[in-house]
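Engineer: Sequence:
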Amino acid sequence: MPSIPHVLRRLLLVVMAASLCALGLSISTTARAAALGNGSVTDPNIAYTGRWDLGSATAAVPNWTGGYLQTAFTGTTVKIKAREAVNFYASVDGGADVFYAGVRGTVNLTPTPLPQGNHTLRVSYRSGDTVFQGLVLDSGAGTVAPRVPSGLIEFVGDSITAGALTDRLALDSYGWKTGEQLGMRHTQIARSGYCLVGKGGCVGLASQFFKTASTGDQNWDFSRYQASAVVINLGTNDIGHGVTGAEFQSAYTTLLRDIRAKYPNAALFAVQTLKKRYVAETKAAVSARNGAGDAKVSYVDTTGWLTDGTDYEDGNGHPNEAGHTKFANRLAPVIAAKLGSAPSRPPHPDGRATPTSRSAAAGTPRAPPPPTPPTGRAPTSAPASPAARSSSSSGVRSTCGPASTAVPPPSTTRPRAR
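Per mature numbering (1 follows the signal peptide of the UniProt record, and there is no 0): the sequence shown = residues -33 to -1, 1 to 385.
A few of these clues could be false.
Stated by the list, open to error - Okay, derived cross-link-like pairs now, SDA-like style, lysine to any residue, Cα gap no bigger than 25 Å in a straight line:
1) Lys166 with Gln216
2) Lys263 with Gln175
3) Lys243 with Leu132
4) Lys263 with Val253
5) Lys178 with Ala247
6) Lys305 with Gly282
7) Lys48 with Asn12
8) Lys242 with Ala259
9) Lys229 with Ala303
10) Lys46 with Val74
11) Lys166 with Gly150
12) Lys263 with Glu214
13) Lys48 with Pro80
14) Lys229 with Phe189
15) Lys46 with Gln100
16) Lys229 with Ser254
17) Lys166 with Gly61
18) Lys263 with His208
19) Lys166 with Gln239
20) Lys46 with Gly4
21) Lys242 with Phe189
22) Lys166 with Gly118
23) Lys48 with Thr9
24) Lys250 with Val267
25) Lys178 with His208
26) Lys178 with Gly118
27) Lys229 with His208
28) Lys263 with Ala304
29) Lys178 with Gly258
30) Lys229 with Ser181
31) Lys48 with Arg71
32) Lys243 with Asn283
Said to hold, decoys possible - Have a look at the derived ranges for each label pair, beta carbon to beta carbon:
33) Ser106 with Leu306: 22 to 32 Å
34) Thr270 with Leu306: 15 to 25 Å
35) Thr274 with Asn5: 43 to 53 Å
36) Lys263 with Gly22: 44 to 54 Å
37) Ala180 with Gly284: 54 to 64 Å
38) Ala309 with His208: 17 to 27 Å
39) Asp261 with Ala180: 24 to 34 Å
40) Arg50 with Lys263: 38 to 48 Å
No wet-lab data here; the hints were simulated from the structure. Even glycine gets a Cβ: it sits at the ideal position worked out from N, Cα and C.
Using the sequences and the hints, build the whole thing.
Structural biologist: See below:
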């Protein structure tokens, strides 16, 4: 029979373990609450990809095209605040990009509540009053840092790069599709009608590339992010504005040089235009940079990538979605080879488009895309506290698990596209 002092000692250890367990749970709960963001524009758990104007604490504005925001959140619902009528796409838990047309105010993105757990959100603005004013979440819920790729690609070009004439514009473009195939962040520094050389009324990306927006003269702060790769697809429009071959080659060489100054480690790709304009001059610009010691500049020959008529919206001018998909299927491996990586998502074997969005107003869903892994933060487990280990080694079994500050993982139940 154990002595009374021994029984008292064991009882004291049990009480101490219970007290430390309660304290650990309290600290864990406090830490978890502190890690949750509030969904505001300045919430550090919201990741903005592209050239966003974040100068206001209450309004974030995407510039150029193809920019988007991502976050992860707890709870069962998420709403987004819009200032005036706006058109945007939202994807919850990696599902279809649902189109919200002409909405304003507080817009419910989850009319059917989600399962309890950790969820993900991506929002890309299309047109209208493209101003993000924050998220509204359940009481007690909050945002957590999303898992986003470290690599980023900028696609520089005109209406083709912007996805003009396709149903979803930027989301249907080869740039968006290439970035998704590679599992990298991506944005399009592109606008319809733009040229390489600013001449004859055409805005030249040789200079506008370095600006915050497609219009205006505010310089972009390149310290905000570093691109892993820059894909340039310019020259289609210059010929209609009287740009000579010599002017084009000089401007292209200078653009490559100036981009290199901003992105010292990026792989640069000069893409042959689909109409094969200024081919010799583009190749010469690449050769000039290679000759200057820049080995990370490459020319991309697009001959035979698309078929006139079949792969275009308008004969042979602007690719349709299937054409953009084919383009991305050819371009992604070229970029991956230079970056020393492989596409994370296999291309569609025949380049056919897979419609992935529906109009929230019309309420008619299109076919959903292949499942996309959630991008929320993976759960982690903290090691047992010294007190818990001590109580265990003393023969007193702890009844509470190790404290963890991790947010639960995304729910494995994916909601249907709405």
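Engineer: Has the given pair, Lys263 with Gln175, been kept, meaning a C-alpha gap of at most 25 Å?
Structural biologist: Within the cut-off at roughly 23 Å; holds.
Engineer: Is the Cα-Cα distance between Lys166 and Gly118 25 Å or less?
Structural biologist: Between Lys166 and Gly118 the Cα gap is close to 34 Å, so the pair fails against 25 Å, i.e. violated.
Engineer: Has the given pair, Lys48 with Thr9, been kept, meaning a C-alpha gap of at most 25 Å?
Structural biologist: 14 Å, holds
Engineer: Could you see if the CB distance from Ala309 to His208 stays within 17 to 27 Å?
Structural biologist: 40 Å, violated
Engineer: Given the hint that Lys166 pairs with Gln216, test it: the Cα-Cα distance must not exceed 25 Å.
Structural biologist: This hinted pair holds, its Cα atoms lying about 14 Å apart.
Engineer: For the pair we were handed, Lys229 and Ala303, check the Cα-Cα distance against 25 Å.
Structural biologist: Holds, because 21 Å separates the two Cα atoms, which is no more than 25 Å.
Engineer: Has the given pair, Lys305 with Gly282, been kept, meaning a C-alpha gap of at most 25 Å?
Structural biologist: 32 Å, violated
Engineer: Check the hint pairing Lys250 with Val267 against an upper bound of 25 Å on the C-alpha distance.
Structural biologist: 9 Å, holds
Engineer: Keeping to a limit of 25 Å between CA atoms, is the pair of Lys263 and His208 held or broken?
Structural biologist: Violated, at about 30 Å.
Engineer: Is the straight-line distance between the alpha-carbon of Lys46 and that of Val74 25 Å or less?
Structural biologist: 5 Å, holds
Engineer: Can you confirm whether the C-alpha distance between Lys243 and Asn283 stays at or below 25 Å?
Structural biologist: At roughly 12 Å apart (the allowed maximum being 25 Å), Asn283 and Lys243 satisfy the hint.
Engineer: Note whether the CB distance of Thr274 and Asn5 lies within 43 to 53 Å or breaks it.
Structural biologist: For Thr274 and Asn5 the Cβ distance comes to about 51 Å; the hint holds.
The structure fails to meet hints 5, 6, 8, 11, 17, 18, 21, 22, 27, 29, 33, 36, 37, 38 from the earlier list, while all remaining hints are met.
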